[in-house]
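Residue numbers (this note's numbering), protein chains in the order written: chain W, 1 to 211; chain H, 1 to 477.
Treat the hints as calculated values from the structure; they're not laboratory data. All of these numbers come straight from a predicted model, not from anything done at the bench. No residue lacks a Cβ here, since even glycine has one placed at the ideal position from N, Cα and C. A couple of the hints might just be wrong.
Unchecked claim - A few chain H positions that, by computed beta-carbon distances, are all more than 10 Å from chain W:
| # | residue |
| --- | --- |
| 1 | A152 |
| 2 | R184 |
| 3 | A298 |
| 4 | G445 |
To be verified - Which stretches of chain W does chain H cover? Using the computed rule of at least three CB atoms under 8 Å from a CB of chain H, they are:
| # | stretch |
| --- | --- |
| 5 | 18-31 |
| 6 | 129-139 |
These are the residues of each chain, in order.
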Amino acid sequence: MQRDDILQRVRTAIGRSAGQPAAEVPQARLRIPEMTSDERIELLLDNVRKLAGKTARVKSKQQAAEYAASLLAGRQAVASNAPFLAECGVTQLAGVVTGIENREQLREVTERADVGITAADYALADTGSLVMLSSHAEARMISLLPMVHLAILPAERILTGLDELYTLVPDAMERTSSMVLITGPSRTADIEQILVRGVHGPGEIHVVVVE
Amino acid sequence: MGPTGKFVETLADARLQSAIYTATGRLIEGRKKTVAPGVLPDYQELRTQANAIKRHTMENLDHYLLELETNVQRHGGKVVWCNDGGDVADFILRLAKERRAHLVVKSKSMTSEEIDLNERLAKHELEAVETDLGEYILQLAHQKPYHIVAPALHLTRYDVSDVFSERLEIPPETEIDKQTGIARNVLREKFLAADIGISGANFLVAGSGAIVLVTNEGNGRLTTTMPKIHLAVAGIEKVIPREQDLAVFLKLLGRSATGQPLTVYTTMVSGPRRQAEIDGPDEFYLLLLDAGRTKLLADAEKRQSLYCIRCGACLNHCPVYRKIGGHNYPWVYSGPIGQIITPQYHGVTKDPWLPFASSLCGACAEVCPVKIEIPKILLQLRTEVNRAKQQESGTRLERLGFQLWAWVMKHPRLFELGGVIGSTVLSNGDGKEYIRRLPGWMNFGPLKGWISQRDLPAPAAKSFRQLWRERRENNGA
Chain W
1 MQRDDILQRV RTAIGRSAGQ PAAEVPQARL RIPEMTSDER IELLLDNVRK
51 LAGKTARVKS KQQAAEYAAS LLAGRQAVAS NAPFLAECGV TQLAGVVTGI
101 ENREQLREVT ERADVGITAA DYALADTGSL VMLSSHAEAR MISLLPMVHL
151 AILPAERILT GLDELYTLVP DAMERTSSMV LITGPSRTAD IEQILVRGVH
201 GPGEIHVVVV E
Chain H
1 MGPTGKFVET LADARLQSAI YTATGRLIEG RKKTVAPGVL PDYQELRTQA
51 NAIKRHTMEN LDHYLLELET NVQRHGGKVV WCNDGGDVAD FILRLAKERR
101 AHLVVKSKSM TSEEIDLNER LAKHELEAVE TDLGEYILQL AHQKPYHIVA
151 PALHLTRYDV SDVFSERLEI PPETEIDKQT GIARNVLREK FLAADIGISG
201 ANFLVAGSGA IVLVTNEGNG RLTTTMPKIH LAVAGIEKVI PREQDLAVFL
251 KLLGRSATGQ PLTVYTTMVS GPRRQAEIDG PDEFYLLLLD AGRTKLLADA
301 EKRQSLYCIR CGACLNHCPV YRKIGGHNYP WVYSGPIGQI ITPQYHGVTK
351 DPWLPFASSL CGACAEVCPV KIEIPKILLQ LRTEVNRAKQ QESGTRLERL
401 GFQLWAWVMK HPRLFELGGV IGSTVLSNGD GKEYIRRLPG WMNFGPLKGW
451 ISQRDLPAPA AKSFRQLWRE RRENNGA
């Protein structure tokens, strides 16, 4: 009932009739700058650092696992089911829980964990963002509940920016119920415009790019 | 009816004045740095595109609403059409009862402020906790947002300390990062216990059925991830055609609001969690709200007020907002955007002073990321206010006054005589540069009010006409 009332009011307001096709949509212009892989990596990491994130550029998966091990240093971590993390050997490190399939268990483990370890589906160089699509491989909570978020990704997943993302993946929402762009650690400036990190999400973010 | 706000108190409060000025100043600087031509060369082109996309969407709104509905349903969500805030509250209360839900967590939503959602739910004993830090503080303090983007802009760490210690029954704490930590812990418990999460939406994407949330703290992600039910409440004007359009709007929103190329979390959600996904809600509802929007849509010229993406840039740049702050406006939407939408939602006669509380400097239109012509709409609203007033008898005197004025203006000799009389009456002969008070017999009514806030430059010894005549005579003309 409300549905038809509202649609009727809308149509009366703009002078359209039911079933009338829409006029042609103005195109959003997407521009993708030319950038080498090296430039993409450097720009991404530079932007992450500007947002107070920690970064590393490593030559091998082994080195990525070493970075993770030294960050953990005895702390508890939960790792996502991303195959890339297993390939790096991160999931075998001491103190890392992984392979969780069940929401309630995931919630209990991530709530207690100090560090959440994920890969990333993409990264955006020009804003320093991680792009995460919720899936069996990447649960949402791991990059959200723990105070520290470590993301490890291969260099070829780095895109120049939003325009390339929407050119390459115009239908992300067909693949997932949730896509998030994470740009730096959680922050607020709600009290006196003073910046504080880690208000609800992770206060510390680490991005490791594997070449 | 005149303005009802506490203008004098706000202007006299030096601490508050400095808080507003500093906070808006920081936001202005942030925006300036991120939209500068060297940083974002196609900024103006993006504004033009954003305006064109919004215009197109509004002109074909029924089409996009139906496309949105189809896609939300395709991903397993439900669309609930709501005429007003009552419909929204009724649906939520019914669902909460059916699901035996007792606790709601909310992420920041101006739309829910607009319809007093928390109060409506509280009336039926459903607790809704605000989780954005600023909104949480305001909820504890029983206050309304001061600013679209920075809701607790007017409060200091000492105010927050008082609010926390009184309402949470904890010892006073005045360090800002510790205060933030307190809120994190209290609210984390709420997130883990909540049955329902209510969010707003910055955008609704017709082509994918996704809602888009632009946030910094992470409470938006928690609200849409932890509880088993997620409800999004959004006005029908929030729809945009396709995912790719986000490449335009996301580049503008964060920059215009806080000077961030992207905010920390840009979350797109379409429907409940899918088959193989491990977490996320089991149920998703999109509540589409009219509540007066179709009224605005019907006015082809002022329809553009609905393009607003709530960045708050017009507030930050407004010389009036920067003096009077957010609580002297009659509704939850303050600043220039509030001045143009409030009269359209509530009728121009409710707060007739509102469109006049502007210097028409045009800063708001200059910084608006979707190019809403705010000053033009203010002028149109002024015309509407005056037309409404003319129908009342009280303005006869004013009309007579203007007729007299017009008659004098059309007769140069009379005008000059008036000038001579005026300057004789006003010049107090003491040679002072400014007149600070009027002669007793003139010092009443509007003239008294006017001079009480202003100094009038003393009349020149000779009028322009006199000088002109003398000059021509001296030149032997």
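Here is what the structure says about each hint:
1. A152: Nearest chain W Cβ is 5 Å from A152(H), so the label is violated.
2. R184: Given that some Cβ of chain W is not farther than 10 Å from that of R184(H), nearest at about 6 Å, it is violated.
3. A298: violated (4 Å)
4. G445: At about 43 Å from chain W, G445(H) clears the 10 Å cut-off, so the statement holds.
5. 18-31: The restraint on the stretch 18-31 of chain W holds, since 11 of its residues have a Cβ under 8 Å from chain H and three suffice.
6. 129-139: holds (count 5)
Of the hints listed earlier, those the structure fails to meet are numbers 1, 2 and 3, in rising order.
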